[in-house]
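**Student:** Single-letter residue listing:
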Amino acid sequence: MKLIIHIFLKDVRHLWREIAVSLALVVTYGRNVPYSWAHPGVAATGAAAFVGAFFDAEFWARMLVVLVPLAWAFTVIRVIQSESLVGDRQFWVTRPYDWRQLLAAKLLFILVFVNLPMFILDLFLLAKADFTPARYLAGLFWMQLLITLILLLPIAALAVVTATVVQLLLTLLVIVLYMTVSSALSQHIPASSFISTDPLPTILLIATLFAMIALQYARRRTALARSLILGLMGALILISLAAPYQRLINRQYPPLKKGEPSPFQLVLGQNPGTWQRGSVPDPKEAGMVLPLNISRTDPDAILIMKGSRVELDGPNALHWDAGWTSMNSIDLLPGENLFSVNFAMPRSLYDRLMDSPIRLRVSLAFAYFRDANRRKFVVPNGTFSLPEGGLCSAMPIEPSMQLGFPTMVSCLAPMHRPTSLFLTLKLAESTCPLRQGQPALAPDSLGRGWIQSPESPAEFGISPVSQFELAPLSYSNVPPYPDSSGRPPTGICPGTPLTLSNPQKVGDTQLTQQFEGYHLPDWLKSTPQR
Amino acid sequence: MSNGTIRTENLSKQFKKVEALRNLNLTVPDGAVYALIGPNGAGKTTAIKILMNIFGATSGRAEVLGIDSARLRGRLLSSVGYVSENQELPDWMRVGVFFAYLRPFYPTWDRDLEKDLVRQFDLPLDRKLHDLSRGMRVKVALASSLAYHPKLIVLDEPFTGLDPLVRDELIQGLLDRAEESTILISSQDLAEVETFASHVGYLEKGQLRFSEELTSLVDHFREVELTFETPPALPKEAPETWLQLSASAAVVRFIESRFDPEKTNRQIRSVLGETRDVAFTPMSLRSIFLAMAKAGRELSETTSEASTTGVAKTRGGAKTSGIDREGAKS
Chain U
1 MKLIIHIFLK
11 DVRHLWREIA
21 VSLALVVTYG
31 RNVPYSWAHP
41 GVAATGAAAF
51 VGAFFDAEFW
61 ARMLVVLVPL
71 AWAFTVIRVI
81 QSESLVGDRQ
91 FWVTRPYDWR
101 QLLAAKLLFI
111 LVFVNLPMFI
121 LDLFLLAKAD
131 FTPARYLAGL
141 FWMQLLITLI
151 LLLPIAALAV
161 VTATVVQLLL
171 TLLVIVLYMT
181 VSSALSQHIP
191 ASSFISTDPL
201 PTILLIATLF
211 AMIALQYARR
221 RTALARSLIL
231 GLMGALILIS
241 LAAPYQRLIN
251 RQYPPLKKGE
261 PSPFQLVLGQ
271 NPGTWQRGSV
281 PDPKEAGMVL
291 PLNISRTDPD
301 AILIMKGSRV
311 ELDGPNALHW
321 DAGWTSMNSI
331 DLLPGENLFS
341 VNFAMPRSLY
351 DRLMDSPIRL
361 RVSLAFAYFR
371 DANRRKFVVP
381 NGTFSLPEGG
391 LCSAMPIEPS
401 MQLGFPTMVS
411 CLAPMHRPTS
421 LFLTLKLAES
431 TCPLRQGQPA
441 LAPDSLGRGW
451 IQSPESPAEF
461 GISPVSQFEL
471 APLSYSNVPP
481 YPDSSGRPPT
491 GICPGTPLTL
501 SNPQKVGDTQ
511 LTQQFEGYHL
521 PDWLKSTPQR
Chain W
1 MSNGTIRTEN
11 LSKQFKKVEA
21 LRNLNLTVPD
31 GAVYALIGPN
41 GAGKTTAIKI
51 LMNIFGATSG
61 RAEVLGIDSA
71 RLRGRLLSSV
81 GYVSENQELP
91 DWMRVGVFFA
101 YLRPFYPTWD
111 RDLEKDLVRQ
121 FDLPLDRKLH
131 DLSRGMRVKV
141 ALASSLAYHP
151 KLIVLDEPFT
161 GLDPLVRDEL
171 IQGLLDRAEE
181 STILISSQDL
191 AEVETFASHV
201 GYLEKGQLRF
211 SEELTSLVDH
221 FREVELTFET
231 PPALPKEAPE
241 TWLQLSASAA
251 VVRFIESRFD
261 PEKTNRQIRS
271 VLGETRDVAF
281 TPMSLRSIFL
291 AMAKAGRELS
301 ETTSEASTTG
311 VAKTRGGAKT
321 SGIDREGAKS
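Those protein sequences? They're chains U and W, same order as listed. Using this note's numbering, read the first sequence as starting at 1 and increasing by one per residue. Using this note's numbering, read the second sequence as starting at 1 and increasing by one per residue.
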């Protein structure tokens with residue numbers, strides 16, 4: 001222990017500048033963030049924004065969200081590389097350092113100058129936001145674990161296989177290139193964007209990073225440790241290429257069992273003739289769009305469309321399968337029924353089938369939520385408490401209107417945003433003043449918003465206080481604004497009645513529906529340019 | 001493996017296509033001041049870095065203080081002092097802080113000895129390491145490696161680029177502690193090494209050409225100058241122990257690498273016939289090193305020519321295979 005402290009104190013003496021900068025940033029962040037809570041979303045526009053940004057608390061709060069972790073990462077790199085594990089000229093490798101003591105000294109340093117300041121910062125921010133820190137200790141430790149696994153561990157693993165910061169940045173560049181290439185590769189496996197192959201890649205990644213650190217400290221075998229990264233990169237690509245996506249889709253989105261009620265039925269909509277007929281990059285392909293209309297059997301169903309698969313059966317037993325493609329999580333809130341599925345098919349196949357009636361089979365993978373716990377809520381004046389939303393208050397009306405934001409309610413929540421909070425606003429009931437020249441809103445015009453966050457003790461980040469806005473983000477039955485500015489019609493002000501609810505996830509599932517006797521030209525999205 | 005502070009057994013190291021060490025069998029006896037000499041790229045630093053477990057061997061094994069060198073780490077290094085010409089020191093530290101930092105790592109650290117060394121080497125305790133000259137940095141490194149009475153001191157080219165005064169100071173500092181330690185030093189500064197080494201090993205192209213006590217080595221080597229009545233014909237194949245055989249009119253010169261007065265005289269007569277005059281001159285370590293290096297170069301040129309022409313040429317005295325064998329025995 002004596003030697004651990006001895007090495008630790010040496011590092012403190014050596015890296016006092018890095019420590020001072022990182023602590024100064026933490027303190028600045030701690031001072032700045034509460035100010036940005038009090039003045040949310042208020043910023044100047046135009047040239048004034050550029051100049052004013054430097055004096056704007058929210059701008060600095062956002063900058064510091066990046067700068068503080070960067071300072072921590074830099075401190076971790078410097079402390080590890082102060083006894084570099086790469087090379088054969090370092091004085092310490094022929095001195096009686098015990099690798100366990102060296103590693104422990106480095107961990108102690110990171111604990112004292114990264115984890116502890118973050119913990120104290122988090123306690124301070126919770127208290128400043130009027131939450132009781134002692135109630136959120138589990139969440140605070142969870143945040144420490146996340147920041148350690150997501151930021152500190154990868155940086156430490158890179159620091160043990162590089163001798164200098166520049167070398168580490170170059171390695172990071174290589175990793176970014178790798179991620180770009182693997183992302184380009186994944187474009188060829190559309191299902192990979194909405195089907196997770198976890199936990200295998202995550203386990204592999206974390207195990208490799210730990211192995212690299214242990215291997216370097218225990219044996220200083222840099223080539224082997226570096227080859228572990230290369231091996232991991234190869235393994236992750238192999239996993240994404242070789243993953244049995246169909247099986248994974250069936251496991252993550254199990255098809256409805258026989259007799260199991262479906263939350264909706266699909267109806268193939270009419271081609272409104274207004275589909276954009278843009279160019280298709282590949283002239284050998286025909287871009288198709290299927291307008292779909294859902295008829296809900298469960299009126300409270302909220303659907304998030306994750307992926308789609310289109311299969312065609314033509315004459316002479318001809319069968320074509322587009323495979324699964326991502327739908328980028330299209331939300332279908334209650335009352336929203338229209339969406340479309342896009343796919344591309346070989347132009348030659350299109351030409352062969354265009355005159356024949358075809359059988360179309362559409363499969364959809366979706367998350368199914370049911371709206372629940374619906375209740376009325378009138379937005380009070382001043383600060384008020386929402387059971388699932390923390391502490392909220394209506395934002396000032398004037399600045400929001402001038403900047404084109406809807407007037408909204410700003411909330412601070414401890415550890416994470418609400419897991420699922422849905423608001424419905426009858427726009428005609430809003431107490432916010434109408435803008436000049438704005439047409440009157442119909443009684444059935446609605447504004448809706450849905451706030452979701454994963455169920456976990458805390459979200460990843462450096463602040464335990466999540467700031468979010470309770471605002472309508474999608475509108476229905478709203479006449480276009482006269483100046484076509486796209487400004488939202490109205491917002492939430494004190495006295496505005498809202499309907500709040502907590503949609504509960506029913507499950508992830510898969511629905512397949514078949515359509516007979518259709519003609520492909522009806523769904524041709526674009527004409528290839530020849 | 002048995003006796004010796006350092007012993008290696010068929011130690012080899014391959015760096016991709018370069019064979020840096022080939023079956024090195026080296027023994028550094030307890031208490032010896034062993035000078036490992038050889039031309040640049042001979043494998044001296046590689047051998048030392050394997051011994052210090054800075055990197056691993058490709059094959060073979062090495063023992064340091066009775067411990068497999070691959071296990072030499074942590075506390076086991078508290079009996080070993082290592083100084084290298086290009087060692088990276090913590091430049092941000094002041095000299096005094098550097099000593100203070102190292103002290104707790106060594107249970108045998110001797111504060112009085114530290115003070116003596118600081119005085120002897122005239123070290124500025126309040127100056128940062130990166131502000132020091134190269135010579136001063138080597139002195140700091142050496143002082144920090146002597147202050148705990150190491151059983152083994154390993155020095156890799158410590159004198160390179162140093163002025164004579166600093167070299168003398170370092171050597172004096174080493175000699176003052178030579179009785180309590182075994183010293184392995186790799187160097188090309190042969191004149192200095194000759195003044196204090198007890199044993200010498202000559203490494204070339206990753207192989208140990210000879211390894212023996214310095215006095216015995218110097219006894220084995222003689223510059224031989226033979227004067228004949230008429231210019232003699234040089235033999236096509238001279239004895240393997242004759243290096244750099246050359247003739248100028250009636251004078252023949254060569255270096256005898258296994259000098260024995262009776263045997264050498266007999267060999268001269270049988271190879272070259274009767275001479276008018278014979279002179280045997282003792283050689284300095286530097287001259288021996290140069291002779292060995294030249295012989296090695298000539299051998300490699302011969303080998304290279306042979307490999308390109310397909311004809312194996314031999315030159316009198318340029319072959320060192322005989323010395324290899326004898327050297328390995330000694």
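Incorrect hints may appear among the rest.
[Stated by the list, open to error] Restraint-style ranges between C-beta atoms, simulated for each label pair:
1) U:A235 x W:K16: 24 to 34 Å
2) U:P454 x W:G41: 55 to 65 Å
3) W:D219 x U:V165: 29 to 39 Å
4) U:A214 x W:F55: 15 to 25 Å
5) W:F55 x U:P454: 42 to 52 Å
6) U:L204 x W:R71: 23 to 33 Å
Hints listed in this document are in silico derivations from the structure and should not be mistaken for laboratory results. Idealized CB from N, CA, C, for every residue including glycine.
**Student:** If any of the earlier hints don't hold here, list their numbers in rising order.
**Tutor:** Structure breaks hint 3 only.
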